[in-house]
Amino acid sequence: MPEIPGIHHVTAFCDDPQENYDFFTNVLGMRFVKRTVRFDVPEKIYHLYYGDEEGTPGTIVTYFPMTNMPMEEGMVGKGMMRSVGLTIPEGSVDYWTNRFEEHDVEHTIDERFDETAIEFTDPDGLPFELVTGDSDIEPWTDGNDVPAEHGIRGMFNTTLHSNDPAGTMDVLETMGWDRVGEATHPQAGDRIRYEAPGDAPCATTVDVLIRPNAPQGRMGIGTYLHVAFRVANDWEQDQISDTLRENGYITTSTKDRDYFHSRYITEPGGAVFEYATDGPGFTIDQDPAEYGDELKVPDWLDVDIERIEEMLPPLETD
7 MPEIPGIHHV TAFCDDPQEN YDFFTNVLGM RFVKRTVRFD VPEKIYHLYY GDEEGTPGTI
67 VTYFPMTNMP MEEGMVGKGM MRSVGLTIPE GSVDYWTNRF EEHDVEHTID ERFDETAIEF
127 TDPDGLPFEL VTGDSDIEPW TDGNDVPAEH GIRGMFNTTL HSNDPAGTMD VLETMGWDRV
187 GEATHPQAGD RIRYEAPGDA PCATTVDVLI RPNAPQGRMG IGTYLHVAFR VANDWEQDQI
247 SDTLRENGYI TTSTKDRDYF HSRYITEPGG AVFEYATDGP GFTIDQDPAE YGDELKVPDW
307 LDVDIERIEE MLPPLETD
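Start counting the sequence shown at 7; every next residue gets the next number (this note's numbering).
One or more of the hints may lead you astray.
[As the list claims (entries may be wrong)] No more than 20 Å apart at the CA atoms, straight line, and that leaves these computed lysine to any residue pairs for SDA-like:
(1) Lys302 <-> Pro274
(2) Lys302 <-> Glu316
(3) Lys50 <-> Leu321
(4) Lys50 <-> Asp305
(5) Lys50 <-> Val33
(6) Lys261 <-> Leu231
(7) Lys261 <-> Asp248
(8) Lys50 <-> Trp306
(9) Lys302 <-> Pro8
(10) Lys302 <-> Gln24
If you're looking for bench data, these hints aren't it; they were derived computationally from the structure.
Full structure from sequences and hints, please.
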């Protein structure tokens, strides 16, 4: 089977797009890469993308703001993604804890494996972490006040709070990922760590969280929808889909997401895994210098952009 060298992106639900934008750009210092729509309900919901300067796979966090399509508040728990780690350099922990205090972002610090994790939530209560680690991604520094030496360098990992840890680990091993460690905690639960093959610049780690007595998660505002893994192209995506099916996992047909093509499975532990191609990429409708400046929708959607903009919630970008 072709290599799956890392995480491509993650997607979550939020409420207010302005609050979401302000937090990720002004507090975390990430780049606003793309403003598009949820293709099945374009007049209702934005699809917002944040990442590095180029929108490199492995740096992208995306959101569906549900303001115009009310959704109940969710609860992060078993059977879904637990959190996403964003990479920061060694020596940046003090900077970020001070910054969070200045911005009234509640946070805690955890030590596990060989890294420090600053745990915090977005404005809707969705768990994130800033994790010390290595990355070949350059930080985005234009338009924010985060010094380059402390800037976020793509994703580090995702944590899956599995209903079926053995089943989740079987999927990861079927994908060619290697079990590389275990961290135990008397209260927070055990973590089994997997790493991707290959040499992706970031986002090469998945932790499987084992907490049998924890409450079940409930999808809604403040929860993750899925984690997407990188595949090089459509041909390799087909090969990976065939391998997953041969091992008993049901994959969807290919979905055109304009900037990438996707297939999905629901893994035995309850999380949704997406397999997203690296291309065509975010430059198909905008030069990187213009990322996020205006609403973009694919030509095949055949909608009136001006009419849709009037129906969507206001969003002021810097």
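Verification of the supplied hints:
1. Lys302 <-> Pro274: 35 Å, violated
2. Lys302 <-> Glu316: With a Cα-Cα distance of about 14 Å, the restraint between Lys302 and Glu316 holds, given a limit of 20 Å.
3. Lys50 <-> Leu321: 14 Å, holds
4. Lys50 <-> Asp305: 18 Å, holds
5. Lys50 <-> Val33: 27 Å, violated
6. Lys261 <-> Leu231: 16 Å, holds
7. Lys261 <-> Asp248: The hint holds at about 16 Å.
8. Lys50 <-> Trp306: Holds, at about 18 Å.
9. Lys302 <-> Pro8: Measuring from Cα to Cα gives roughly 32 Å; hence the hint is violated.
10. Lys302 <-> Gln24: The given pair, whose Cα atoms are some 17 Å apart, holds under the 20 Å limit.
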